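Here the protein sequences come in this chain order: A and B.
Note that the numbering used here has the first sequence beginning at 206, numbered continuously upward.
Note that the numbering used here has the second sequence beginning at 48, numbered continuously upward.
Simulated from the structure, these hints should not be mistaken for laboratory data.
Model, not experiment: these values are computed from the prediction.
Accuracy of the hints is not assured; some may be wrong.
To be verified - One side of the interface only, derived from the structure: several residues of chain A facing chain B at Cβ under 8 Å:
| id | residue |
| --- | --- |
| 1 | Trp-212 |
| 2 | Val-217 |
| 3 | Glu-227 |
| 4 | Arg-247 |
| 5 | Gly-248 |
| 6 | Leu-252 |
| 7 | Gly-257 |
| 8 | Ile-258 |
| 9 | Ala-304 |
| 10 | Phe-309 |
| 11 | Phe-310 |
| 12 | Gly-311 |
| 13 | Gly-313 |
| 14 | Arg-315 |
Quick reminder that beta carbons are idealized off the backbone N, C-alpha and C, glycines included.
Residue strings, one per chain:
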Amino acid sequence: SQTIHQWPATLVQPVGSPLSLECTVEGTSNPNLYWYRQAAGRGLQLLFYSVGIGQISSEVPQNLSASRPQDRQFILSSKKLLLSDSGFYLCAWSIPRRASAEAFFGQGTRLTVV
Amino acid sequence: QKEVEQDPGPLSVPEGAIVSLNCTYSNSAFQYFMWYRQYSRKGPELLMYTYSSGNKEDGRFTAQVDKSSKYISLFIRDSQPSDSATYLCAMSELTGGGNKLTFGTGTQLKVEL
Chain A
206 SQTIHQWPAT LVQPVGSPLS LECTVEGTSN PNLYWYRQAA GRGLQLLFYS VGIGQISSEV
266 PQNLSASRPQ DRQFILSSKK LLLSDSGFYL CAWSIPRRAS AEAFFGQGTR LTVV
Chain B
48 QKEVEQDPGP LSVPEGAIVS LNCTYSNSAF QYFMWYRQYS RKGPELLMYT YSSGNKEDGR
108 FTAQVDKSSK YISLFIRDSQ PSDSATYLCA MSELTGGGNK LTFGTGTQLK VEL
């Protein structure tokens with residue numbers, strides 16, 4: 206069966222520090238991968254998605270970037286965190302070329318920038 | 048106007064009640080409709096998905112889609128305290144860049160003893 210791992214679960218970082226969140230998927234090949242951010246009362250905002258190694262699409266301009274160095278690894282990064290980067294970050298995967306596109310989520314990382 | 052509208056609640060019901068959760072949407076291109084359950088400080092968990100209009104039942108849960116009204120519902124029968132969570136609706140359409148989900152903001156449900 207497929208599993209998705211996301212770490213760390215919580216993170217407190219000072220303003221201006223770098224960020225690296227990692228996500229890996231097991232039990233499937235060539236998944237579509239996603240990074241979402243969830244803010245209270247605003248639902249899930251899609252940040253990045255990837256359909257293959259090195260292929261990244263950005264949904265919103267921001268202080269973050271994403272990379273996919275391996276088929277089942279997705280990394281969210283920032284060179285200098287802002288206070289507004291605080292939030293709940295979720296990694297997800299879906300079956301490629303499946304019309305319904307239902308996504309399966311990791312357990313999330315709660316990031317607090319202080 | 049948001050593409051997907053969902054009442055944030057909170058919705059509080061007694062144990063055993065029938066719960067009705069709803070979303071409306073504006074994009075007629077949406078074809079697939081999903082419901083997720085999210086416990087506090089956890090990732091969303093897929094409950095059900097349906098295609099086009101109609102009903103789908105899974106145990107105590109029933110998903111209903113009315114594409115003519117752009118309205119979807121999730122019914123929970125015999126609600127339990129363990130159903131207390133935030134419920135998110137999500138929808139997808141076929142796009143040239145691959146399929147992506149559009150989420151509602153979620154409805155917070157509390158089932159009380």
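Against which earlier hints does the structure fall short, listed by number upward?
-> Structure breaks hints 1, 2, 3, 6, 7, 8.
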